[in-house]
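Peer 1: Model the full assembly from the supplied sequences, consistent with the hints where possible.
Those sequence lines, one after another, are chains A and B. Remember, the working numbering sits 55 above the position in the first sequence when you count from 1. Remember, the working numbering sits 545 above the position in the second sequence when you count from 1.
Take these hints with a grain of salt, some might be off.
[To be verified] Covered by chain A, per the in silico footprint, the following chain B stretches (three or more residues, Cβ under 8 Å): (1) 659 to 667; (2) 872 to 878; (3) 976 to 987.
[What the hints assert, rightly or not] Simulated restraints, written as ranges between beta carbons of each label pair: (4) A/I445 to B/F638: 27 to 37 Å; (5) A/I205 to B/F638: 55 to 65 Å; (6) B/P597 to A/P152: 56 to 66 Å; (7) A/I445 to B/I1049: 24 to 34 Å; (8) A/T72 to B/L896: 48 to 58 Å.
Calculated from the structure, these hints are not laboratory results. A quick note: this is a predicted structure, and the numbers were derived from the prediction, not measured. Quick reminder that beta carbons are idealized off the backbone N, C-alpha and C, glycines included.
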Amino acid sequence: MKVKVLSRNPDEYLRETKRDLHKTPRNYDPNLHPFESAREYVRALNAVKLERVFAKPFVGNLDGHRDDISCLSKHPKHLSVLLSGSYDGEIRVWDVPQKLCLRSFIAHEGIVRGITYEPNGKCFFTLGDDKTIKTWNTAAPNTPEEEEPINTILSKTVVTGISHHRSKPVFATCGEICQIWEESRSEPIHTYKWGVDSLHDISFNPIETNLLATCASNRSIILYDTRDSGPLRKVVMKLRPNRLVWNPMEAFIFTCANEDYNLYSFDTRYLKKPVNVHVDHVSAVIDLDYSPTGKEFVSGSYDKSIRIFETGKGHSREIYHTKRMQRLTCVLWSLDNKYILSGSDEMNIRIWKARASEKLGTLKPRERTALQYSEVLKEKYATHPQVRRIARHRQVPKHIYNAQNELRTIKQKIKRKEANRRVHSKKGAVPFVPERAKHVVKEDI
Amino acid sequence: MTKTVRYFTVPSEQQEPIKDVPPKTVRKPRKNIHKHKNKVKPNRKVPLKRIPNPNPKFPGRAPIPEELLEKHSRGEGIDKSGIRTRIHKKKQFDRDLSYEFAQKQAARVEILLTEESGILEADPGETTTQFRQNEIIKNVDITAATKHFELVLRDFGPYRLDYTRNGRHLALGGKLGHVAAFDWVTKKLHFEINVMESVHDICWLHVETMLAVAQKDWVYIYDNQGIELHCLKSLDKVTQMQFLPYHFLLATANDVGYLSWLDVSIGEIVVQYNAKLGRINMMTQNPYNAVLCVGSSNGVVSMWAPNTRDPLAKMLCHKSAISALHIDPKGLYMATAGNDRKLKIWDIRSLTEPLQIYRLQSSANNVALSQKQMLAISMGNVVEVYRDCCTTTANRAYLRHRFNNSVANLNFCPYEDVLGVGSDKGFTSLLVPGAGEANFDAFEANPYQTKSQRKESEVKSLLEKIPSDLISLDPTKISEVDVPSLREKVEATKKLLFVKPPKINYDPRKKAKGKGGSVKIARNKKILQQQAKKEHIKTAKALKSHLLNQRKGNGTQTNKQKSKPKNVLDRFLPKQKSEK
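Peer 2: Okay, structure coming up:
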């Protein structure tokens, strides 16, 4: 007779002292883990609910300006430093994590139109309605009374926007004409002009560094090459583009915020129609900024809301709003890809999290793995109706909700009318025009 | 204006401005790129040939046995031929790779399992059937020997019993009101009370601090000190109870044939309905899918879930009344015993013919299957245990034990080689070597759980409570593609077609005296009703014809050809082959 009965030695299953971790023997036999998929589904549901529960994106605000914020600029080397210019000509330098104003001075008479840092962050340029371009030292003087620009350039024409070259001591301004300046000279080294219309935004390509793009008030986007004597190409839209930003990772893609509530991503190689149309705003989009990863961008609109879009997608993944935030004038995505800064009409600069439910601060390893696991679960069960419903739901202000409904009915009406027209006219007389092709008038070379 | 060629200017654009180019031509340059790539291919670095292992002593990673891979397999995965786009194919391929990796890892981890399951082998010339309990006890170690014990409880039997999910605690319920709970390993008594009522069934809830007792009228919940926590008056005259641990449902069957599911986490009845089976004496759960199986006196086993009021499945198992049934913890096999003195083993997933039919000396009044598929049956005062009886035919009992009085209830203890037997005059714990799963998973059921671990696992499992609507025959349904079956499609169209005409609420205007009159009102109402009916019929007809057209329009080209007006010159066209 040979017999053995299960008898476990408790010492092997119990911890020795109270300071030890509990022993947890595992057995991955599927039979011991019933309802695998159902439990996973419930976990996914919980994960997506918790994500919504913890979605508290507002971090804080910087107040101090006595007029609306007109422009913001991030320091190229320091995450904590932020520059802001306002409509009364004041410039402020902020310490973002401490929410402190480090320095403030009146730089211009009238509105500050643009601020930009020099690539190594030693000085910054401001330009205002008084047609001057001033250079300031980043290091603050001993007393506020000593606040003096290093250099002041008086432009012959109005200047409305500025953009600095990625590496060279060259910057470009726009206004009536596009001017390229060298830091050491008081005269522009190049001027470009295409037609008589004025330009209101300019942006250097961060990768293909000689490339420049501007937005003109005749609803067009013009591309320049600084090595060239004339402008390259332009594309005319149906409504005015307000702002243009290059994708920091893909040299040939830029996105413009448009007056017609949409944002358009263009490929410079094929300007005939945008690569993508990003819809969701219910009023003119004023400003946008790319995340440093180039995968997402943030946009601020006249409808008092901030939206975050993924570059490949047509609809936003997130909307930020507060009761007190008024019309947005400028937005920024911080260089650590974690925060969003927004300046608005009611004199405040707000700090938001880029991912609404992200936990700030360091994560413990177990916490991190738990979050990673729930992230994977959310992705796996994303198409289940319950999960999708919870993940998509956003509470929006009433005025946006109503405007969305109104826009929807308008769109349906147009669609219906077009369909009716198509039915009652000769075949091919009313062609199907894709949404992407609708918003571009023409491309000029 | 001068023009220079830049990196972003596509050559075709330079030569001529494109106007309304169809997308295909735009894509052309892309195709060229691919062609170009193919040309470059031979120049690319060819991966080096793998050099054979110079040292045969270390042949690399150990191969994984096939049966282990099979054990941890989650199925074959989906057929990738149906995926249209390359990127989705790639995504699915990557996903499959990760599943395969997980499967292999799980199979490799088996080597870390510490315990081996028990065995009992007879010497040549002996059979295991002849071994009595005292012989087994003599030959096992002292801790294992303490697992055999007998409680003599003469006054309040017969006893029903229930082990907790981790197999550490035992609850006993005597028919005449004796309720006791204890840690049977250390023999530490939690409580012992007499409820002064008849006790019909006893059942642990999700933790060992709570148990439910079906008493004469209602179900009561006690804690581990014997304090009455709840009296569930919505569950009355309960005869059988089952706790579904992952759904937190206490499923009960009662004297009149009502099935009820009570959510113990919120204390509310989920569903309660009459199964129309009469008094339910036998009920067990399928641990694989949480479906309740009810055996009835006409030999039918029916399976019930809370979201439908009809049985999910019905099986005619015996030609006489069923006397006992049980499903193994893996949810593979069901054992049923009938009054026809037969014992049948069924594959519960296929619901077809029995795998095994055994003829017994007398009809079994209790059956139980263990984690390792050992079968215990009780016939009068005899308990027999069979080994390897599900897929192969067992010729002889593995163990046999005879009691002085008749057996009322028996149950295998999970994760232990122990069979608990409740009889008229007490409780006996029998050693059955090889009955229990040797290696437990501490996150699922842990016999050595401490208080803090119990608390944490309770919270975790509450968070993972599966909604009761997910109970169905196939528990993996939630992770599969939701394709409506043909039957559902037909029913959906039926719903569209066969709708009753709407009822009309006719509210006559208040008219001046002498102007209206009840006759006129009635007439007007009738006219309106007929109008509504006519309209309804009209729309229904339109819908019907539309649906018919849809069905026809799918594959019938011939219809279109027929409908074309015939031209005189058509006769000169080449003849079309008639379709068969």
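Peer 1: For the range 55 to 65 Å, tell me whether the beta carbons of A/I205 and B/F638 fit it or not.
Peer 2: holds (59 Å)
Peer 1: Within the assertion that chain A covers the segment 659 to 667 of chain B, do at least three residues meet a Cβ-to-Cβ distance smaller than 8 Å?
Peer 2: That given contact holds, which follows from 9 residues of the segment 659 to 667 of chain B lying within Cβ reach (below 8 Å) of chain A.
Peer 1: Between A/I445 and B/F638, is the Cβ distance one that fits in 27 to 37 Å?
Peer 2: With a Cβ separation near 30 Å, A/I445 and B/F638 satisfy 27 to 37 Å, so the hint holds.
Peer 1: Would you check chain A against the segment 976 to 987 of chain B, counting CB to CB pairs closer than 8 Å, and say if three or more residues qualify?
Peer 2: Three-residue rule met by the segment 976 to 987 of chain B, so holds; n is 9.
Peer 1: Is the coverage entry for the segment 872 to 878 of chain B by chain A consistent with the three-residue Cβ rule at 8 Å?
Peer 2: holds (count 3)
Peer 1: Taking 24 to 34 Å as the stated bounds, is the beta-carbon spacing between A/I445 and B/I1049 within them?
Peer 2: Violated - the Cβ-Cβ distance for A/I445 and B/I1049, about 41 Å, lies outside 24 to 34 Å.
Peer 1: Note whether the CB distance of B/P597 and A/P152 lies within 56 to 66 Å or breaks it.
Peer 2: holds (59 Å)
Peer 1: Assuming the hint says 48 to 58 Å, is it satisfied by the Cβ distance from A/T72 to B/L896 or not?
Peer 2: About 53 Å separates the Cβ atoms of A/T72 and B/L896, which means 48 to 58 Å holds.
Of the hints listed earlier, the one the structure fails to meet is number 7.
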